[in-house]
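*Asks:* Numbering (this note's numbering), first residue to last: 1 to 103.
The set of hints was computed from the structure by calculation and includes no laboratory data.
Check before you lean on any hint, since a few could be wrong.
To be verified - Think about it this way: if two alpha-carbon atoms lie no more than 25 Å apart in a straight line, the pair counts; the simulated DMTMM-like pairs of lysine to aspartate or glutamate are:
1) Lys45 / Glu33
2) Lys61 / Glu33
3) Lys99 / Glu77
4) Lys101 / Glu51
5) Lys61 / Glu78
6) Lys13 / Asp24
7) Lys99 / Asp24
8) Lys45 / Glu77
Unchecked claim - Pair ranges (Cβ atoms, derived):
9) Met100 / Lys45: 34 to 44 Å
10) Ser9 / Leu75: 12 to 22 Å
11) Lys45 / Glu77: 50 to 60 Å
12) Lys60 / Gly98: 40 to 50 Å
13) Lys101 / Gln25: 29 to 39 Å
14) Arg44 / Glu77: 33 to 43 Å
15) Arg30 / Asn70: 13 to 23 Å
16) Arg34 / Lys8: 16 to 26 Å
17) Asn63 / Met100: 15 to 25 Å
18) Lys99 / Lys59: 33 to 43 Å
Where a beta carbon is used, it is the ideal one built from N, C-alpha and C, also for glycine.
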Amino acid sequence: MDISKIFKSKTRKELFRLYFTNPDQEYYLRELERILRTPVSMIRKELTRLEEDGLFLSKKKGNLTYYLLNQSYPLFEELKSIVFKTIGIQGLLREILGKMKGI
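All chains should be built: construct the whole structure from the sequences, respecting the hints.
*Replies:* Shown next, in the form of structure tokens:
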């Protein structure tokens, strides 16, 4: 995975925020569409790339394909740290608190 492209799209950022704050959770495409309010085509495109890179895994349950983080990915912990510091919970708190006067 090219680190310079880690947050190259809004969809990827939202996927990372969702999955890294819920690393044991699995989601299927239509579920992600509802949660992220993003078209399935854009979500599928990002997940396909991330699965090719090895960061995500997919598994079939009936007629649904579920996507989950590959926690065995060699850079998983490092990416998790980057996500939390930038677009994850810590990043969101920093952004919100930064807008407040006197903080």
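*Asks:* Find the hints from earlier in the document that the structure breaks and name them by number, from lowest to highest.
*Replies:* As far as the earlier hints go, 3, 4, 5, 7, 11, 14, 17 are violated by this structure, in ascending order.
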